[in-house]
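All chains should be modelled from the sequences, with the hints used to inform the complete structure.
So the chains spell out like this:
2 protein chains.
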Amino acid sequence: MEQAKLDVLGIGNAIVDVLVRVGDGFLVQRDLPKGGMSLIDAERALALHGDLEETTEVSGGSAANTVVGVAAFGGRAGYVGKVKADHLGTVFARDIRAAGVAFDTRPAADGPPTARCFVLVTPDAQRTMCTFLGASVNLAESDVDEKQVAGARVTYLEGYLWDAPQARKAFAKAVAAARKNGRKIAFTLSDPFCVDRYRADFQRFVKEDVDILFANEAEITSLYAAASFDEALQAVKGHCEVAALTRSAKGSVIVGRGDVHVIDAHTLGPIVDTTGAGDLYAGGFLYGLAQGHGLGVCGRLGSLAAGEVITHLGARPVADLKAYAAELLR
Amino acid sequence: MEQAKLDVLGIGNAIVDVLVRVGDGFLVQRDLPKGGMSLIDAERALALHGDLEETTEVSGGSAANTVVGVAAFGGRAGYVGKVKADHLGTVFARDIRAAGVAFDTRPAADGPPTARCFVLVTPDAQRTMCTFLGASVNLAESDVDEKQVAGARVTYLEGYLWDAPQARKAFAKAVAAARKNGRKIAFTLSDPFCVDRYRADFQRFVKEDVDILFANEAEITSLYAAASFDEALQAVKGHCEVAALTRSAKGSVIVGRGDVHVIDAHTLGPIVDTTGAGDLYAGGFLYGLAQGHGLGVCGRLGSLAAGEVITHLGARPVADLKAYAAELLR
Numbered sequence: 001m002e003q004a005k006l007d008v009l010g011i012g013n014a015i016v017d018v019l020v021r022v023g024d025g026f027l028v029q030r031d032l033p034k035g036g037m038s039l040i041d042a043e044r045a046l047a048l049h050g051d052l053e054e055t056t057e058v059s060g061g062s063a064a065n066t067v068v069g070v071a072a073f074g075g076r077a078g079y080v081g082k083v084k085a086d087h088l089g090t091v092f093a094r095d096i097r098a099a100g101v102a103f104d105t106r107p108a109a110d111g112p113p114t115a116r117c118f119v120l121v122t123p124d125a126q127r128t129m130c131t132f133l134g135a136s137v138n139l140a141e142s143d144v145d146e147k148q149v150a151g152a153r154v155t156y157l158e159g160y161l162w163d164a165p166q167a168r169k170a171f172a173k174a175v176a177a178a179r180k181n182g183r184k185i186a187f188t189l190s191d192p193f194c195v196d197r198y199r200a201d202f203q204r205f206v207k208e209d210v211d212i213l214f215a216n217e218a219e220i221t222s223l224y225a226a227a228s229f230d231e232a233l234q235a236v237k238g239h240c241e242v243a244a245l246t247r248s249a250k251g252s253v254i255v256g257r258g259d260v261h262v263i264d265a266h267t268l269g270p271i272v273d274t275t276g277a278g279d280l281y282a283g284g285f286l287y288g289l290a291q292g293h294g295l296g297v298c299g300r301l302g303s304l305a306a307g308e309v310i311t312h313l314g315a316r317p318v319a320d321l322k323a324y325a326a327e328l329l330r
Numbered sequence: 001m002e003q004a005k006l007d008v009l010g011i012g013n014a015i016v017d018v019l020v021r022v023g024d025g026f027l028v029q030r031d032l033p034k035g036g037m038s039l040i041d042a043e044r045a046l047a048l049h050g051d052l053e054e055t056t057e058v059s060g061g062s063a064a065n066t067v068v069g070v071a072a073f074g075g076r077a078g079y080v081g082k083v084k085a086d087h088l089g090t091v092f093a094r095d096i097r098a099a100g101v102a103f104d105t106r107p108a109a110d111g112p113p114t115a116r117c118f119v120l121v122t123p124d125a126q127r128t129m130c131t132f133l134g135a136s137v138n139l140a141e142s143d144v145d146e147k148q149v150a151g152a153r154v155t156y157l158e159g160y161l162w163d164a165p166q167a168r169k170a171f172a173k174a175v176a177a178a179r180k181n182g183r184k185i186a187f188t189l190s191d192p193f194c195v196d197r198y199r200a201d202f203q204r205f206v207k208e209d210v211d212i213l214f215a216n217e218a219e220i221t222s223l224y225a226a227a228s229f230d231e232a233l234q235a236v237k238g239h240c241e242v243a244a245l246t247r248s249a250k251g252s253v254i255v256g257r258g259d260v261h262v263i264d265a266h267t268l269g270p271i272v273d274t275t276g277a278g279d280l281y282a283g284g285f286l287y288g289l290a291q292g293h294g295l296g297v298c299g300r301l302g303s304l305a306a307g308e309v310i311t312h313l314g315a316r317p318v319a320d321l322k323a324y325a326a327e328l329l330r
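As given, the protein sequences belong to chains G and B, one line each in that order.
Going letter by letter, the first sequence gives residues 1 to 330 in this note's numbering.
Going letter by letter, the second sequence gives residues 1 to 330 in this note's numbering.
I should point out that these hints are in silico values taken from the structure, not numbers from a laboratory.
Just so you know, not all the hints are guaranteed correct.
Pairs count within a copy or across copies, as identical chains cannot be separated in the list.
Stated by the list, open to error - No farther apart than 25 Å at their CA atoms in a straight line, the calculated lysine-lysine pairs in the DSS-like style are these:
no.	residue 1	residue 2
1	K34	K180
2	K237	K5
3	K34	K250
4	K237	K250
5	K180	K147
See the structure below:
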């Protein structure tokens, strides 16, 4: 196998996050399930935007956040995702490149505008998301470069891609290219509601094609319709090479072929906004794997990155993760 | 092998607990490390007793609490431990028999009085213990009946027994009898300070003779001088058939030969006094094993028993554990 050019190539919905603090009543009035992600259409997106004040726009997207995390640790990362050639699309491309991630997907010249995700942060630091997928659903097979996938140690895919038939084809092309070239496939279940929508597909995909699975407690119990975390843990065992299961304040549990690691959450300060915690956990974890660390250390790097991102608004790291990692590994 | 007469035979220091609520300052003034167990002599025991008001005397002893837990679930339990023929000794024997545990160790006619443990409960529901071992250290080889050990599926031993040279011989006799008769040996590390005192002995014993190990996080990390819980988890793997590691509010992790279970804590109400949580966890767990349940269910029964005992003062169950277990297993 050729020397890898990238440690991690992320493929996902290219989204700009619109962050805003709201009270619990705001969610109740609009029937938005707290902690979940709802898909909304253009009309609802406009109406919601009209109801919001003091918003902050920051580049987001689950897999994009993850590869930014990999780059923040010093890993080599790339990203594939579709924006439109509009203001938010320009912002997205500028931010991800500034973070050190290779990003060459051609922006759409027409069609819907760049995707945005309204991240509604309640006083308990929980986030509830409403996503208008816009241009991101037009990610096409032609946007996936087989050579780029062949040159990445790990290709990291979002469950969210399953929501757009066109993007799903791009997803399948990336999986085939990784398989053909002996590269690893990492996958995040993305969201418990996403798992509900595609349970059978996801179960099959995890068992047949996924090498490294990321899921939080709600997602993995949903995947196997399990009554408890431990039941889900037993169910996933043997389905993939590694399953990294995150549990918020309870830390994470990593299930390897022959070993299980129980890793504590990493606290760096008061929790401000949990957006991106799972994305950054995956970023730290995959960086650790690329460096050849054992699963326990990968988990600690994931916890570290998640611990950093929840201490501030926004889903991308602001502190010096390289320095933190050096301290952790000392 | 003959049909077992007992599910669990506990051997330990027979102690009456003297419970009292104190402020944090009480511990600081007397240089008592919070959460630990200090051994005190007769003189200090008398002085401490003089400083305490509104005490409650209840039968305790770590292994005794565990076998009372087994009996509360409906299991067949026995106990071996030394009291003196004095008032507290009579209380101890009456209580453990009333709980349905076979207890036939002959009380000492002379020598030091029945052991007592001052359980100092601070406002955070933590308990700090000062133990005067009294008569319990005179448990002798002759008090262990080989036939009784041979007739018990599991013989459960306290690390605390190591503190008394005489009791240590009784311990060794029980281990030899269990080994000879193909029975299981369960062992609790008892206390992080106890592990500090006998680290090398305990490591060897765990590896060579223990089938079922119980330890909390502080104890297991102390045993292997590990920097994190996960490091201790990896170290204990393969050393015994089962290691059940308790983590207070974080639940427990059970390491079997080929599987690892991650079990949540069981909440039944506000936490009043954590005394006996580890003892009752072991009781529920061993009851589950005797019933032939898998390790995940054993862990849930352990969590249930621990969850019950921390909702009230005292280290023995007051609620109907049989009914709770029936609900859990439904």
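Item to complete: Identify every previously stated hint that the structure contradicts and give their numbers, smallest first.
Response: 1, 2
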